[in-house]
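Participant: Take the given structure of chain A and dock chain B to it, following the hints.
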Amino acid sequence: MSRLITLTLAAFLLVSSHQLLAAPERYTLDPTHTYLHFGISHLGFSTMHGRFDQSSGHFMIDNAAKTASVKVNIESASINTGLEKRDDHLRSPDFMNSVEFPVVTYQSTTVRFDGDKPYVIEGNLTLLGVTKPVTLTITGFKCGTNPMNNRAMCGMDAVGSMKRSDFGMTYALPGVGDELKLIIEAEGYKD
Amino acid sequence: MQEWLNVALEWIDNPIIQVAALSFFAALLVAKLLSSMWLSGLAIIAAFCATVYMIADFDFDSLTITKKIIVAGLVASLVAPLFDLLSSHNRLARYLIAIACVGAVVWVFWPVLERKDLADLALYGSGLVVFIACLSVLLDRIAPISIRASTAAMGLGASIGVSALLSASALLGQFGFAIAMAGIAYLLLQFISNRLLPCGRTFTIPLTVLCGLIAPAAMILAKLPWYCLPLFLLIPLAAQTPLSGNLSIRLQTLILSVVTIIFSALPVLVILYESGDLPYL
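Protein chains in written order, with my numbering: chain A, 1 to 191; chain B, 1 to 281.
Chain B on its own, in the form it takes in the complex:
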């Protein structure tokens, strides 16, 4: 018993756990308080901002790639509710969002991409564009269904977070964990109340932008293997697993969480298999 208590205390003392816990509570609070205004999707950015406040800062004097990711996440959170207000879930809006995400990826990574030779520029550039465009379309398809969107957030955040951590960047890893915490907070509220929370593009646009930029940043700036990017795309696909409409919200939450977590583990297992060891952090 004492041993278990010591392990628990060690976990509580770990700064990574503390930051993740703060992100979780920030997301929980925002999702609950803003649900009546149909803005509970802002839980994503609340969790992310809590993490940025704890481990980085909001100083944008030197606009590095990491800072650009923060800016892009904030802008996406401001723009996303407008999409929910002004447009129904039509295809035109979906393509507009995908194009905007592609613009974001080019803006964020161009300073590094432009230094590469033409072949590498084409390879990396097209890879990043395809990744974020696919992620955008896949997440937009599940935007109206809050259980699916939040399980995708949990899975993507956890998978990108652990993968980035294993790829030698704790900063990007913790950004990923913040998204996972928002997804878990969202799922928890739905599980407890057995009711769906309002979600929409207010939730999925910041989710797309943040995951679509953090994962490539871990690849370009740290040591994330390129083949993890297509594996990340399986997570929102897993969140679309067909389920019977007769199942309760609680049961749907459980089933989708398990399926998504299984797919989230794939990139992590591949990295562990490749490196054969844990990183130094």
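The shape of chain A in the complex, shown without the other chains:
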């Protein structure tokens, strides 16, 4: 009888631990290693690059169920192209309109997996009060323990593109390009 109880208890613990392992894990983005970079044509001569310095957000991942979700808020006034005067112009109503729309948000709708790793994020980008779908392709994804602080973390690189005119940002078209190349680096610590 006691053997039966022990076996039942062991089985219960096994199932519980598996469920625990398979539970969705939530990660909070590390703002010091999470940046949205962009590239845009300057009068067709070259591609100008810049990034947004401040962002926040989190992502959830369930490896067993192969599901994930991401939500990111980007401070539009944190745009940085390395030249303060150009950044002032980019913050103005001509482009980011940062006072009126201080935050750009990206919320995933579907994350597709290739094996045990996510590889495509489909989601909605809200910029200048307009929400449109933007798809990101994950080019690198890794979860593990950060050797510097022994904390569980995941990181990824992703790329995508969008047309600024879709969001009503039409100033200086077509001289300043319509299509923006997006390059994302993101890391998050497990909550």
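Please note that the accuracy of each hint is not assured.
[Stated by the list, open to error] Chain A is nowhere near these chain B residues, computed Cβ spacing over 10 Å in every case: (1) 3; (2) 39; (3) 103; (4) 106; (5) 118; (6) 144; (7) 257.
[What the hints assert, rightly or not] Here are the simulated DSS-like cross-link-like pairs (lysine-lysine), alpha carbons at most 25 Å apart as the crow flies: (8) A:117 / A:142; (9) A:71 / A:142; (10) B:68 / A:132; (11) B:223 / A:85; (12) A:132 / B:67; (13) A:163 / B:68; (14) B:67 / A:163; (15) A:66 / A:142.
Hints were generated in silico from the structure; no laboratory data involved. Since this is a predicted model, take the numbers as computed values, not measurements. Beta carbons: idealized from backbone N, C-alpha and C, even for Gly.
Facilitator: Just chain B, lined up with the frame of chain A:
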């Protein structure tokens, strides 16, 4: 000679100059064609719409502050002729216009103002209300005198346009230039014909609404210093400089233009002095 020609060609190639030229011709055409119907004041909105068509659009899906300014300008142009038709230049109408302008400024800027703390809300809110109310009263006083109204339009448009450009918004700057172009077109027609064009509130109400919203937008959304707003109010005051009635229309146009341009330069000089440099655009 060749150098001068190259400079001229460079200017013609500049998109800002092209848009300003289009606004000028739109205003010139409307002011001339509608003068017999006493609607030449619609030159202001014609110039503004030409600029909006070239550098922005008339898509109002997302009603941003900039889009609200366009809507307010269009509505003001529709309502303004009614004031000329229904009321003489009495004080009641003047106060009604000022109240409507205050309503417009609250409607346009409330989404940004409501996010500020109470002290900033009171400071910005009262500042904007006082600015547009004063502008409304000052411009309404010169509504029946087309030379004064058009020199005020030229001065305000140029001053707000250049100041907005220096404050990092080319879009708002070009909106200002459109108003300046309408004022110049109006003045040119009067100068050539040596006759006054019909003006009235059809001209000054859209002028008030557009200038009263573009300048605060440059302050709130871009980097226009707050002290430029009271300096802008000196421009319609300068357009009221007393002149002898014996002077010809041409001479009055010249004198008032020079006086107004001097006052228009003040906010620009202050911004240049403060920043010590030109903006990146």
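Participant: Against which earlier hints does the structure fall short, listed by number upward?
Facilitator: Of the numbered hints, all hold.
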